[in-house]
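Enquirer: Please build the complex by placing chain E on the supplied structure of chain S, with the hints as guidance.
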Amino acid sequence: MSNQQIAPHQGATDLGSAGTIEVELADDGIVEVVLPVCSEVRAPEAQAAAAVVRAMSDGRKRPVLMTLTGVLDINDGARAVYAAAETVSAFALVGETPVDRVLAHFLLRATPESIPARFFASEAAAREWLAGYL
Amino acid sequence: MNPESQDPRLLALVEGVIRIADGDLSTRIPLSGPRDEVAAVIAGINLMADDLQAVYRELEERVETRTAMLREAQIELERMALTDPLTQLANRTALNRKLSHELAETAHGELPPALLVLDLDSFKGVNDRLGHSAGDDVLRITAKRLADAVREGDVVARLGGDEFAVMLPKSNVVQARGVAKRILRALAESIEIGDLRIVCGTSIGLRVAEPGQSVDELVMEADTAMYAAKAEKRNTVRVFEPALLHARRLQGQMITELREAIRTDQLVLYYQPVVELSSGRFEGAEALVRWNHPERGLLMPDNFIPLAEETGLIVELGDWVLREALRQLRSWLDTPGLVDDFSMRVNISPTELRSLELIERVRDALAETGVDASKLVIELTESVAVNGSDLDRYSLSGLRHLGVQLEIDDFGTGYSSISYLRNLPVHVVKIDRSLIEGLGTDDGQRDFVAAVLQLIHACGMEAVAEGIETAEQAAELSWLGCASGQGYYFSRPVPPADFVRLLGRA
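Here the protein sequences line up with chains S and E, keeping their order.
Last residue of the first sequence? That's 134 in our numbering, and every number before it is there in order.
Last residue of the second sequence? That's 506 in our numbering, and every number before it is there in order.
If we strip away everything but chain E, and leave its shape as in the complex, we get:
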């Protein structure tokens, strides 16, 4: 083939196709000469390059848009993974991440982070009494107050339930305590839920990180300090100290042991006689629980009831006490000549009263032992009787319908208002020992007790005095018209066998 006779457009065509093949889609082959087949091929290739370029551009745009969407979704997912959905605060994962970062900075010579851990003192009650939606409102408002109380740069997180944490980067005890106090003040303000005003309050544990400490250790130690704060008194800040760890371990061990104790009958009941003051006759007994600990010996209720309350074990424990006391009463009633008109007093905690199964459990225990309901006296604290929720009132009226007698314990220690007394669904009022002290020696005290007794009688109730320690007190109370009493003067709480001996002597 003669090169001179070759159409120069073919060469341009080859060059153009090569450039397009190399990826330069902007290449266009010049269209010149006659509009013959060669020109048609050139026009076609130019148009296909056009198309290809447009397709590529569109694809690139689409990839870019999709990538941006993916990135946004990823950011949102990450935010969700690190945010508490209810309060929009950081969650536990986010807090751990920040703590981890701060602890790593400490290793490079920066000041350590401080961690505050807190929970609301009476949140469970809010949820139980007002419902979960009110509970959620309280948590949201609390979250907002926490966020307002901290400094810029501090991290507020919700760890779960009503437990929150605040991380102060590069801090110290003085600073952290300052923030903690601001939080205490902020949470001591009442929260309005519908028509109600609620004050939750909080207890705060504070721990400034030590060099080399892990996130888990730091959180656990701040948490330990919080539990110590709660155990002391409400609305306090407690700074972590190593001794608290020991106490916490002991407590953890004790929870396990107590659960075991209820299951394996390590608990025992002691009985203190309740005496008819005019005659000295034993009209009943108050059942008082003790824990016969395999290693620590006989433990008094103060040593384990608060723990049982805190862990919810109190419901199980209370059930055990109720059944055992009724079983014992059945046994005494079945012993000829031992007791006749005799009642058993059992204490019940606010938590048990709130348990929906309470009435059923009492009914079952009475049915199983065949004890008449009127011989069971349930003692409640004054605060429950006065301040109780609808559920408490439901439980109380259910118990009354069973025929069980209700008695207010420790009367005179809590609420000074007397107008409520008439409306209480109770039969008997137990006058607190603090009112009895001084009786027999102090005339003023006698007048005061006389007035209290009159008040109780005016409300159509009977009175039992507790803490009677002397014959004078017993005589005085009897003279003032107090029907019954109990106290060391008559007998300390004693094991069942000793109680039987007391019954024999009475």
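Chain S extracted, bound-state conformation:
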């Protein structure tokens, strides 16, 4: 299992941007992306995370489980990075609160048509769904 943490954009001054994006390739072949709690996700860290996802994919498409529980905001630059995903076979967005759900649906709208994507309130359900895209 590999685990990487992506530091937030260095130039960021927003107090909300304090977390890191964790990217991990789970044993079951699902790439796990965890957005930082109480942080605003912007394009630079999104790009860095996307690069890691690409590297982990190793030339093939992999399903991505993205946890956005507690994230403060995902700005339009970061959403554009998400929308440009290439090595992803499916996105499962997981969150717990109403805020997570709203943020997730803004991401879902930006998902390329070729990539299946859904919101899940439970990680187990998400993993089960993603298993179909391994």
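If you're looking for bench data, these hints aren't it; they were derived computationally from the structure.
Ideal Cβ placement from N, Cα and C applies to all residues, glycine included.
Watch out, some of these pointers could steer you wrong.
Computed far set for chain S versus chain E, every beta-carbon distance over 12 Å [stated by the list, open to error]:
id : residue
1  : Ala55
2  : Phe106
3  : Ala110
Quick partial rundown of chain E residues pointing at chain S, CB under 8 Å, derived from the structure [stated by the list, open to error]:
id : residue
4  : Thr27
5  : Leu31
6  : Ala39
7  : Ala40
8  : Ala43
9  : Gly44
10 : Ala143
11 : Glu357
12 : Glu360
13 : Arg363
Expert: Coordinates of chain E only, in the frame set by chain S:
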């Protein structure tokens, strides 16, 4: 409702929505407290504001890009509307605009603009003989030379066809004449088209604007000066003067009248006998056109043939002359005992020779009158016979095939080379009057004419002498072996009725 129990985030939410509604799309509502429904609404509104801001930005960028494209297209359209596509010079509209601006400046005390108008002296010939593509090349090269010859700030325009103009802002006659002379020199240089070298030359009209003058007046007056320059001699500059306007009006009137004259038979033919020198017998007549003008009386060809040449009316006029001369010959041939072996000479201009219908018209006129082709002699100028284009040669050989006789007019006035004479498709050579002068009194001249006659005979051609004024000249020419002659000694050109009387006496 107890205000103290109200969630403070709701107040922030209302304030934020109001700011967004007011147009401040950068507004973001702080997301704090529990991640409950209220927080979800705040997050949603923030994201929608994000989206809205992005959409607006994109729209603004697109509008900006499109506006820039439109502006560029508009500039290009304007440039095209003001540029002559062939030469890339300013066009007439652009010139008028600049002139208008300069004339307005004059009203504020600035020096007036000067305008040069010019066209190429022999451009029509280039187009006719070498084709329009060669013509376009000549125009492009001319445009380049004009642009190189003028000063910075002068405007060179193509007005259409082979007509160009140069506007000199804040100028005077001396300056403008200087530029005009530079243009004359530049255009006097030959232009290479394929293997050919062409010299077009130009005539330039010059007009310095008068206070209060309109653009149209200025252009018209410069144009008038150009026509005067062309009428004088080629490769000159003519400065406008009011008297030219009168002359131009007269000319315009005369073109209309001449067209009318051809239509309504105001033209008449006079005939000058061509005499067999050894016997004094009338062997033929040369048809010479006159214009019986209703107000100005009988006009000689010099007064209207150049105008007819210039306006293209010469083709119509020539056709009239040909038909009338043949009709007259038919009538004389039909009168018993009047003429027997008798030919009719008709002059033909270079323009007519270049007309593709010439052969057909001659054939039709012969057929209509039933005159045998061998009795028609067509007189051409020496330059056409010598320098003619392929089309000229085509016309000449077509006429020969019809059986028409060809005669070079005014021989001895143009080209001194004698080697070409043998190859010319002609039967008869008319020796110019300038060679006859002095004959009968000057022995040297007699030897010279004898040599010319020998040359003509050596080429297998017959000679006709024109301008014979005395019995001595007639006798001398006869003795030297010149077969035929014409001139005042025998008769001036006379109307048909008088000619018949002459025939009776001969």
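Enquirer: So, for every hint listed, does it hold in this structure?
Expert: Evaluation of the provided hints:
1. Ala55: 29 Å, holds
2. Phe106: The claim breaks: Phe106 of chain S does not keep its Cβ more than 12 Å from every Cβ of chain E (closest is about 5 Å).
3. Ala110: 10 Å, violated
4. Thr27: Because about 13 Å separates Thr27 of chain E from the closest Cβ in chain S, which is outside the 8 Å limit, the hint is violated.
5. Leu31: 6 Å, holds
6. Ala39: Cβ of Ala39 of chain E sits 5 Å from chain S, so the hint holds.
7. Ala40: Check passed: Cβ of Ala40 of chain E comes within 3 Å of chain S, closer than 8 Å.
8. Ala43: Holds. Min distance 5 Å.
9. Gly44: 4 Å, holds
10. Ala143: 54 Å, violated
11. Glu357: This hint is violated: Glu357 of chain E lies away from chain S, its Cβ roughly 73 Å from the closest one there, beyond 8 Å.
12. Glu360: 75 Å, violated
13. Arg363: It is violated, given that the least Cβ distance between Arg363 of chain E and chain S is near 80 Å, above 8 Å.
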